[in-house]
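S.K.: Residues per chain are reported as follows:
2 protein chains.
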Amino acid sequence: MSPEGCSFEITHTDLAGRIGRLSVNGRTVTTPALMPVVNPNLLSLPGALTPAEMRSDMGFEMIITNSYIIRKGKELKDRALSMGLHDLLDFDGVIMTDSGTFQSYVYGSGDREVEVDPLEIVEFQRDIGSDIGTILDRFTPPDVGYEDALAYLNTTMERAGASVPHKGEMELAIPVQGGVHMDLRTRSGAAVRELGAAYAPIGGVVPLLESYSYARLVDVIVAAKKGLGPAMPAHLFGAGHPMVLPLASALGCDLFDSASYAKFAADGRYMTQDRTLHIEDMEELPCPCPVCSRNDAKDLRSMSGSLRTAAISRHNLWVLGSIMASIRTAIREGTLWELVERSGATNPSMASAVRKLSDHTDYIEREAPRSTRRFMCVSDHSLDRPEFTRTANDLAERIPPAQKAFTHFIREPGASHRPHVEGSARAVHVAGGAVAVITPLGAIPYAVWEMYPFSQLVISEVDSLPPAMRSLYDSAMSSLGPDVCDLDEADIVNAAGREEFDRFKAALMTRMQFGSYEGRGADDILFGGSPDRIELVRSRRTGKLRNVKLPSRGGEHVLSLRAQDGLFSLKWKGAQLLHASTGGGYMRVIVEDGTGEFNAKGYNVFNKFVLDADPGIRAGDEVLVVDREDGLYAVGKAVVGAAAMIDAKAGIAVKVREGRDKALPDEAS
Amino acid sequence: MSPEGCSFEITHTDLAGRIGRLSVNGRTVTTPALMPVVNPNLLSLPGALTPAEMRSDMGFEMIITNSYIIRKGKELKDRALSMGLHDLLDFDGVIMTDSGTFQSYVYGSGDREVEVDPLEIVEFQRDIGSDIGTILDRFTPPDVGYEDALAYLNTTMERAGASVPHKGEMELAIPVQGGVHMDLRTRSGAAVRELGAAYAPIGGVVPLLESYSYARLVDVIVAAKKGLGPAMPAHLFGAGHPMVLPLASALGCDLFDSASYAKFAADGRYMTQDRTLHIEDMEELPCPCPVCSRNDAKDLRSMSGSLRTAAISRHNLWVLGSIMASIRTAIREGTLWELVERSGATNPSMASAVRKLSDHTDYIEREAPRSTRRFMCVSDHSLDRPEFTRTANDLAERIPPAQKAFTHFIREPGASHRPHVEGSARAVHVAGGAVAVITPLGAIPYAVWEMYPFSQLVISEVDSLPPAMRSLYDSAMSSLGPDVCDLDEADIVNAAGREEFDRFKAALMTRMQFGSYEGRGADDILFGGSPDRIELVRSRRTGKLRNVKLPSRGGEHVLSLRAQDGLFSLKWKGAQLLHASTGGGYMRVIVEDGTGEFNAKGYNVFNKFVLDADPGIRAGDEVLVVDREDGLYAVGKAVVGAAAMIDAKAGIAVKVREGRDKALPDEAS
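Residue numbers (my numbering), protein chains in the order written: chain R, 856 to 1524; chain V, 856 to 1524.
One thing to keep in mind: the hints can contain errors.
Since the list can't tell identical chains apart, any single copy or any two copies may satisfy a pair.
Below, a list of computed lysine to any residue pairs in the SDA-like style, where the Cα atoms sit at most 20 Å apart [to be verified]:
| # | residue 1 | residue 2 |
| --- | --- | --- |
| 1 | K1022 | G1439 |
| 2 | K1211 | S1319 |
| 3 | K1118 | N1009 |
| 4 | K1456 | R1048 |
| 5 | K1211 | A1323 |
| 6 | K1081 | E1220 |
| 7 | K1492 | E916 |
| 8 | K1118 | E1026 |
| 9 | K1492 | L1238 |
| 10 | K1517 | E1026 |
| 11 | K929 | E1026 |
| 12 | K1081 | M913 |
| 13 | K1504 | T883 |
| 14 | K1153 | M913 |
| 15 | K1022 | E1305 |
None of these hints come from the bench; they were simulated from the model.
In this text the structure is predicted, and so the values were computed from the model without any measurement.
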């Protein structure tokens, strides 16, 4: 990777959120990240929080400052030009600058005081050595009608086009505008992307935040992101409120800025994770940060003006920093949904915004990984999780009706057995068949019960289910008719034998995971439609299924079960079989000529070499790495979804597990 | 207050939770508080967290240690006896000791290793100078049947009775047992109270916590608290998990202990507010505490065993301490419900427990204050808030049907006006009348719209209401029939004049707040049933109602509006009028002979002088202070509810505003 320029690598995903690594001029930031807004005029106040302290003590890797303010102060301007921004602010991380757009909006662009020349301000940002400079876009608040919003957008894009030749080595941020007109937001995002921008703020959202229109904000973010595509680092401009951060991150916002940490502090307002308290009302400080662990509420109140502001600013920034770390931790862990749902419990406007996610299930589902470490159903909100929609679709499309019940494996119902119950999932006999009843998905085949999301499901007992889940459970139960009794795992063994049932189950799981090609199921392709041709290898210790082999092919190993999510990983032999009988892009990641040879040796696939990919591919999926001529080089696990692989210029697309020249030996079994 | 002995003063309430001040031997603790469990054998390990550090750096005012462990180690025992516990542990806050009950439970009481003599262990705790020693009770886990649980309970109470003469100056903690048999829990609580205990642990709950049976835990706490009464400081023994603390505090638990901060740490488990992470899995530390702000995850991992344990212990304890401070902050602010609702979003078991609160609305309502600073409706859970039940009851009982619509104040419907809407509350015309439609309470009279809880209501717009609230809103709307249109405040003014309507409203508000005596409404008593006899005083600045006077009585001031909650405070003249026409305990707090004279001079009423109180009194209510002969001395605001005033031996019952000898002058108007 060149130390110059700007790149963005996605390493983990959860919902539409992601952990990214933004590199600008050799300096890197782990996202989602929040950049404190630094006002250079305030740095000399007594006790002021400095950018150096933000970096060394608090871990902020990026800050933002306003070039318009710097340019306005004669002395400051000269120092910035002579020293450069990094020395001026004493900050060796990434520095972004804003252009004065927001000032123009607040004070009116007719105001001569805030008159800014679009090209001069870009050149100025370049000349002071900003890492990411912002064009002078046209701020479009929510109350601007369609025609005006379109005209503003055209102005923004004209200025953007004109600014590019003046940017020099600086990265140029081109804000997405369009007001609350969703097609304009998408169009604006697409235009920014087409201009070759490497960094995109989503602008014009401050009025939405100020009026608590968080549900509307959700729509705006999704519309903008649809235009920007998954590979672009997206900055939600002006959104630094603690509550908004998890939700916006879950929608794919990567960067945030906050001036509120300091503005609130100047007003005595003390941030917590879910609200703001006033220092005058507080008897104690419910926070363990370095400020609050060394002072009590009375200490803060008795400080003189600027010292008090500085102390509360530090606290507020510690809170914001911890929230960002919590978001990143949740993404790595796959528990971002839970964090978002909790932030929805902070006030009615946030609750509405969380419910609004259900309008964007398709968008989120496309970005969301195939599996996560936990899958928690806490409230009826959880029904909006993209995994539910995805799994329901897969069940409907991939499992043939005849295979939803297993008449020949189950003893006649009627006998009383120990019920096989986990949470509110209840495995039951129906007349001559067996299903596991899962609350929010109706009746699902017992054979897929150990696959994700069911494998990771954390849900309450039937009696304490939230109301909508309870009614789904009840209607699933009643749809089965009256002849239902609880199923014991032993019933299956007695009726059919463990081996026979497990072979059937492995085939159905294969079909559920890999779907079908031109009407022929993946189980059919791999096992010739007959589970009898499967040889199962179980763990010696636990007895659980581990590997699937094909005796007809000399006992070759085709599938391994991933313990963490109950999905299969595809072995080289399995990949070859699937590849030989399919085409048309099925499970394919198509790479540039010449690069497949590296993948064949076991090296990972980089996004920049991906030409195309099966649009059904999600992060965590098993994929076949092929060239334009459909020559198979490797099999591995996708790091990002299809759209991101195609779009992104940096980062890993596929972690190759086995390649043509480097197949792994069979696991000891 | 004597420096010796044990007292507990309640200063703020929210739900059934409270801020208390526990004083033992002149040492005080602000509750709800968590006491770290200290194992004296581990204090000499390198880097170990000491009790002195817990107090001076982290602010813990109370710790707990195990007398059984101290007594077992010969050398430790001798040092404890010669130095005393406070010097041994170098801790000058309150020290509680446990007796070995839990060890007997875990290792079996038949085990000679954990054999403990019930009286010897009490004497030992006394001799080493414990502030609060615990009897050797019989641990009763949830799987013990009724008969055995009763027998265990009898054993516990026999030991308790026998232990009292041996306690010396030490306070004796007598745990409430009874397993999951709710009547036994209540009986056990009552027995502990009757024995004169000043401090009550609720024991036997660890197995419930370990099996995530939080909903069951809710029942157990409520049953125990019903026996203990509101005045007793209640300690939820063994419950130190972050998630449980807000809910248990809301049910009236005042003290908690945690060994988990250290046990988890020894296992590399890192606490957050909502879950536990393993340090081996963490890339960063999402916490700003002194440990996490100076180290990163890698630093912690690379520490040697005991140093790593000590560092994570410190972090865990900082988290627990902040949670307790957040709970206390929420109680003072009146936002504990919101905190509980958020903790319900952490996992399905907690969600069930939060839903379980609806089974105990009566209990919580009795303890909950009359008003809080905010009243937030975030999800359908919020329908379980005790304020809803209370207000619905008051509306049904106190507002006569004829006064629910105000035909004569409203112009005929049909004209189109600017709708008067706040959140999802919608003021509407019905044919010839006006009501404000409030989602979760159906149609409420427009005249009470500015009273608590409506005055503090934070709720979303109709279109984004959660489902159950939405359906309540819809059915309230449809119950009004088809002739409904939006109401503008101006309609009222135009049709009847502001003055006439406001007098009507003041009368209805009086009746809603103070109810009636023997069928006669408080408005009738104060104003002779005719609002025409009221003189209103408005704020010069805002035009809002401030005072109610009676022209017929020489313009005497009877009521003032409390700006914070839209409820009235009662002036001395109003108190006299209400007192003169009522009896039978209505609004009365009856104080001991001779003490009323002090209240007449304006001094507050202390709980210890309260003989009886109107069972309808809640914290925040206006009350009449009388003696046994119903002589009126003062009027003021209750600090706690009726049951707590009668029960409690310490603390303030009523903040006297005006007394017979010290009435306040009329406010400038």
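S.K.: Mind listing which of the numbered hints don't hold for this structure, in increasing order?
M.R.: Hint check: 1, 3, 4, 7, 8, 9, 10, 11, 12 and 15 fail, others pass.
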